[in-house]
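I would like the entire structure built from these sequences, with the hints used as guidance.
2 protein chains.
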Amino acid sequence: MDRASTGTYDPSCFRLFEGPIPAAPDSKIVVRTLLMSLDPTNLNWLKLDPQLQAIPFGVGDPMFGVSIGVVIESRAPSHAVGDVVTGMWGWRRFDVVDPLFVRPAKSATEMSFEQQLAIFSHVGRAAAGGMTLIGEVKPTDAVLVSGAAGATGSLAAQIAKAQGCRVVGIAGGPDKCEFLLEELKLDGAIDYKKEDLREAIHRHFPDGIDLFFDNVGGEGIDAVLTNMAVGCRIVVCGAMSQYNISEKSNLYGVKNLPMLIFRSARLQGFVADFGPRNQIVDELLDDLAQRGQLVARTHVIDGFEKIPDALTLLLNGKNQGKLVAQVSFD
Amino acid sequence: MDRASTGTYDPSCFRLFEGPIPAAPDSKIVVRTLLMSLDPTNLNWLKLDPQLQAIPFGVGDPMFGVSIGVVIESRAPSHAVGDVVTGMWGWRRFDVVDPLFVRPAKSATEMSFEQQLAIFSHVGRAAAGGMTLIGEVKPTDAVLVSGAAGATGSLAAQIAKAQGCRVVGIAGGPDKCEFLLEELKLDGAIDYKKEDLREAIHRHFPDGIDLFFDNVGGEGIDAVLTNMAVGCRIVVCGAMSQYNISEKSNLYGVKNLPMLIFRSARLQGFVADFGPRNQIVDELLDDLAQRGQLVARTHVIDGFEKIPDALTLLLNGKNQGKLVAQVSFD
Numbered sequence: 001m002d003r004a005s006t007g008t009y010d011p012s013c014f015r016l017f018e019g020p021i022p023a024a025p026d027s028k029i030v031v032r033t034l035l036m037s038l039d040p041t042n043l044n045w046l047k048l049d050p051q052l053q054a055i056p057f058g059v060g061d062p063m064f065g066v067s068i069g070v071v072i073e074s075r076a077p078s079h080a081v082g083d084v085v086t087g088m089w090g091w092r093r094f095d096v097v098d099p100l101f102v103r104p105a106k107s108a109t110e111m112s113f114e115q116q117l118a119i120f121s122h123v124g125r126a127a128a129g130g131m132t133l134i135g136e137v138k139p140t141d142a143v144l145v146s147g148a149a150g151a152t153g154s155l156a157a158q159i160a161k162a163q164g165c166r167v168v169g170i171a172g173g174p175d176k177c178e179f180l181l182e183e184l185k186l187d188g189a190i191d192y193k194k195e196d197l198r199e200a201i202h203r204h205f206p207d208g209i210d211l212f213f214d215n216v217g218g219e220g221i222d223a224v225l226t227n228m229a230v231g232c233r234i235v236v237c238g239a240m241s242q243y244n245i246s247e248k249s250n251l252y253g254v255k256n257l258p259m260l261i262f263r264s265a266r267l268q269g270f271v272a273d274f275g276p277r278n279q280i281v282d283e284l285l286d287d288l289a290q291r292g293q294l295v296a297r298t299h300v301i302d303g304f305e306k307i308p309d310a311l312t313l314l315l316n317g318k319n320q321g322k323l324v325a326q327v328s329f330d
Numbered sequence: 331m332d333r334a335s336t337g338t339y340d341p342s343c344f345r346l347f348e349g350p351i352p353a354a355p356d357s358k359i360v361v362r363t364l365l366m367s368l369d370p371t372n373l374n375w376l377k378l379d380p381q382l383q384a385i386p387f388g389v390g391d392p393m394f395g396v397s398i399g400v401v402i403e404s405r406a407p408s409h410a411v412g413d414v415v416t417g418m419w420g421w422r423r424f425d426v427v428d429p430l431f432v433r434p435a436k437s438a439t440e441m442s443f444e445q446q447l448a449i450f451s452h453v454g455r456a457a458a459g460g461m462t463l464i465g466e467v468k469p470t471d472a473v474l475v476s477g478a479a480g481a482t483g484s485l486a487a488q489i490a491k492a493q494g495c496r497v498v499g500i501a502g503g504p505d506k507c508e509f510l511l512e513e514l515k516l517d518g519a520i521d522y523k524k525e526d527l528r529e530a531i532h533r534h535f536p537d538g539i540d541l542f543f544d545n546v547g548g549e550g551i552d553a554v555l556t557n558m559a560v561g562c563r564i565v566v567c568g569a570m571s572q573y574n575i576s577e578k579s580n581l582y583g584v585k586n587l588p589m590l591i592f593r594s595a596r597l598q599g600f601v602a603d604f605g606p607r608n609q610i611v612d613e614l615l616d617d618l619a620q621r622g623q624l625v626a627r628t629h630v631i632d633g634f635e636k637i638p639d640a641l642t643l644l645l646n647g648k649n650q651g652k653l654v655a656q657v658s659f660d
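First to last, the sequence lines map onto chains V and A.
Counting from 1, position 187 in the first sequence corresponds to residue 187 in this note's numbering; the numbering is continuous, with no gaps.
Counting from 1, position 241 in the second sequence corresponds to residue 571 in this note's numbering; the numbering is continuous, with no gaps.
Any given hint could turn out to be false.
[Said to hold, decoys possible] Listing some non-contacts, in silico: residues in chain V with all C-beta distances to chain A over 10 Å:
| hint | residue |
| --- | --- |
| 1 | D10 |
| 2 | L16 |
| 3 | N256 |
| 4 | Q268 |
| 5 | V295 |
[Said to hold, decoys possible] Taking lysine-lysine and the BS3-like style, the derived pairs with C-alpha atoms no more than 25 Å apart in a straight line are:
| hint | chain 1 | residue 1 | chain 2 | residue 2 |
| --- | --- | --- | --- | --- |
| 6 | A | K578 | V | K194 |
| 7 | V | K193 | A | K578 |
| 8 | V | K318 | V | K193 |
| 9 | V | K161 | V | K185 |
| 10 | A | K523 | A | K578 |
| 11 | A | K523 | A | K648 |
| 12 | A | K515 | A | K377 |
| 13 | A | K524 | A | K377 |
| 14 | V | K138 | V | K28 |
| 15 | A | K515 | A | K491 |
| 16 | A | K491 | V | K248 |
| 17 | V | K306 | V | K318 |
| 18 | A | K491 | A | K468 |
| 19 | A | K648 | V | K248 |
| 20 | V | K248 | A | K578 |
In short, the hints are calculated from the structure, not lab data.
Backbone N, C-alpha and C fix where the C-beta goes; we use that ideal spot for every residue, glycine too.
If you want it as C-alpha cells, here you go:
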C-alpha cells in the first residue's frame, strides 16, 4: 500500500505537553475531559496523508478523538458550566470546543460514560451504519463478523442479531469466543488462532455468506470470497491485521477477488460519517440500547499519560472490549 | 482461488461430434447457426462448479453461447422458416431452440451480424449495465477502463464517453492504444506492456479515479486502489489476467484493499443479466448504436472447427476485437 497504511506504531511519537488551562473565546466553551475513546482510527490518522483526512492535523497538533467532558467555562448561550457533553476534541485534559460540535451526554445514572462512548461514538456509527446502510442487512442474512469481540465488531454482531440474522463471529482465543457465545449470544464462534479459517467458515456457512462485516482484512476476506452466497456484501470497516505492517511485501495479498463476478458480490469500504443519515444510525443505536440489545465491554485505562502505550493493545488484540481512557486529576 | 477459477485452458477439451440435423419438437424451432459469439465466459464455464452456473452443463454437453441463426424448421406459431433470430443456444451448426428465448435479429443491411453480436449480446449488456447500473457512471466522472480494446472494454469506454466522461483506456501494445485514441476517441491510453501501470495511472488521474471498469484483474486493481477519488466505484467485470493460471500461488494478490475504507469506495462484481433492468440496458445500447456512438471491432474466425483453438486468442490477447465464429457450410 502507499504510505496511507504501512508503517508500524511507536508510542514515542506522542509527547506530553503541559500548559495553562485555556480560556474560552467568544461563543466557545471549555471542557474538562473525563473519558476519551481510543480507536484504531487514531493509529491510522498518524500515518495517513494529511490531505486525505477528515480532520487534517500535522506534527505538533494534538490527536483528536471522541470524548466526554464537563463544561468548566462557557461563552456560548447554549451551554452552562457543569453541562456534561460528548463530541470530538483534542486529546487534552482541557480543550476549547465549538458548542456546535458537541451534544449532551446522557446522565451517568442512565448509562455509564464508558457505555456511552462505546455505543454512541463513531464506533457505534461504524457498526450500525456499516451493517444497515452499507451492508443492507436483512433478517434472512447469514452474517459473519470478524474482530467480533472488538469494539465495533461486537456492536455490529449484536445489531445483526437484533435484526434476526444468524450471526457467527471470528475472534482470537477461547475467552473472546466464549464472550461471543455466552454474552453476545451469537450462533457460532470461530477462534482464528486455533482453527483453519477457511475450513471453519465453510463449515459454519454451508449455504454461503450473505454479509461479511470485516474489521480485520487479509486472510478472512480471501476465505469469505470462496464461500459467498449470490449477492454477498462484504463491508470493509477495518483492516486491523494490515495496519501495523511496515514492509509492503508483508501485506496480505487477496487472491480471490474474481469470485465477486461469479457471485454478483461487492466489497465496500466506508468511514463512519453518513452525513444526513447519521440521524437514522443514531436512532437505531438509541433504540437498541434502550431495549437492552447492545452490550458493550469496555477496557478502561486510568490516566492520560498511559494513552500512548495503551494504543498498542489495539494492535496486539489484548484489549478486552472498547478501549477508553479515564482522565485522572490527581 | 478455489476450483472456480484456476486451471489452464486446453483446446483438446472440446470434441467435434457429428450427427443428423435435428427435427423440431412441438412448439420449438430449429435454427441453422450463422455466427457465434466466443467469449471469456465460455472459458469460465469450462472450469466453474456446475452448481454455480446460470446454465449448468456437464461433460459431453455442447458449449453454449449467443449466436445468430436462421430458422429452418418451425413448429411454433411465432416463427416462420427464414426468420433470422438471435439468442443463446448450443455451439452446434443446427440446434433446437425454444422460441421464447430468441428475439429477431436486425437485418444485415441495417447492421452487420458481427456488429449485432458484438453490441447486442451479453457483452454489450456487461458493458452498458456494468457502466450504468453497477458503476453508476456520471458525466463528471474520471473513468479508467482496462482491456479497453477488447470486446467489453471498448464498448464500456464508449458508453462512458457518450455520457461526457473523461475516459482513459489500458491496453497492450501500440496498435491497440492507437485504436483507443484514434477510433474510440478516448482521452488517454496506457500501454501496460510498455509503461509502469501504477505510475501511468497516477499521471493520467492527478485528482483520482471515480470509476474503474476492470476486465483484467490483478495489478491494475492494486494500482487503482492507491489512486481513487472519494466514492470510487470499481466495476469488476472480468479478470482475464487471472483466468488461465493453474497454480493458486501464481494468482495475483491484491494488497491495497484497505484503501476502500479511506476512500469510501467499493468493488462490485456482476454477471451480465440484470433481470427486469435488461430492457433499460438494451435500450441504451440501441440508442447509442443508432447515434453511431458505438464502434465495435470484430475478429471473425471462419469455420466451426476452428473454435477450440480460436479461444486461446482471448487468453493471450491476440484477438483484434470481439471474437466471433462464422459457421461455414462447405
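- [ ] Sort out which numbered hints this structure fails and list those numbers smallest first.
- [x] The structure breaks hints 3, 4, 12, 13, 14, 16 and 19; every other hint is satisfied.
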